[in-house]
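K.L.:
Protein chains in written order, with my numbering: chain A, 1 to 137; chain B, 138 to 204.
Each statement offered as a hint is correct.
Computed far set for chain A versus chain B, every beta-carbon distance over 12 Å:
1) L64
2) F112
3) A121
Simulated crosslink set (EDC-like; lysine to aspartate or glutamate; CA at most 20 Å straight-line):
4) B:K174 - A:D69
5) B:K139 - A:E70
6) B:K174 - A:E132
7) B:K143 - B:D195
8) B:K174 - A:E70
9) B:K143 - A:E132
10) B:K139 - B:D195
11) B:K174 - B:E194
12) B:K139 - B:E171
None of these hints come from the bench; they were simulated from the model.
From the three backbone atoms N, C-alpha and C, an ideal C-beta is built for every residue, glycine too.
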Amino acid sequence: MARHPAYRRYTRRMAGLGAAYVAAILVAATFIPDGSPPTPAAIALALVPGIAVLGVIWTMGRLLLELDDEYLRLLEVRKFIVATGLLLAFASLWGLLELFTAVPRVPVFYAFPVWCLGLGAGALYNRLTMGEDGSCP
Amino acid sequence: MKNRLKILRAERDWSQQALADRLGVSRQSVNAIETGKYDPSLPLAFRIAALFNLAIEDIFSSPSSGE
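In isolation and in its complexed conformation, chain A is listed as follows (with noise of 0.2 Å):
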């Protein structure tokens, strides 16, 4: 079955901002010493892989405007809404324990690579309520 375009111009930009992403994140971890107080220099170059992740948000709303398949347009979309309930369950449920426990605080860091795990959980989601035409192609 061929795939949509719009799913081959969404795997080739990210790979690139993937790669883009890793080598930005190395050279930060490179130039920047543990501890490094909030110098605009060490915040300039801590921000740099935050434009890979704009872009990787960028590319899943080109992904949704690009995709003139209402039916796959509605998988994607409801990928992101499971995607979305589950950041914000964790992200209530673990603040509420660290406002009244001594658990150990999550860095805000980690909210963008729970919601893409969110939507792995939300492609099972339509696999098994749309059986074998949920698994966008």
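Please build the complex by placing chain B on the supplied structure of chain A, with the hints as guidance.
P.N.:
Chain B in isolation, oriented as in the chain A frame:
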């Protein structure tokens, strides 16, 4: 929503992919509509109706309508 898409497609001896190509959608979309897992938007329902030269209500019907 119930529909006669599978019957109409079979009458023309079209595969799901052939119908999907004519409608400009994915084969998954056609299968999801045929199996009642997904109700198409009004614009897509009009495209389906136009392809078969039928009215929308000749293809789609509400489960509560009893038709």
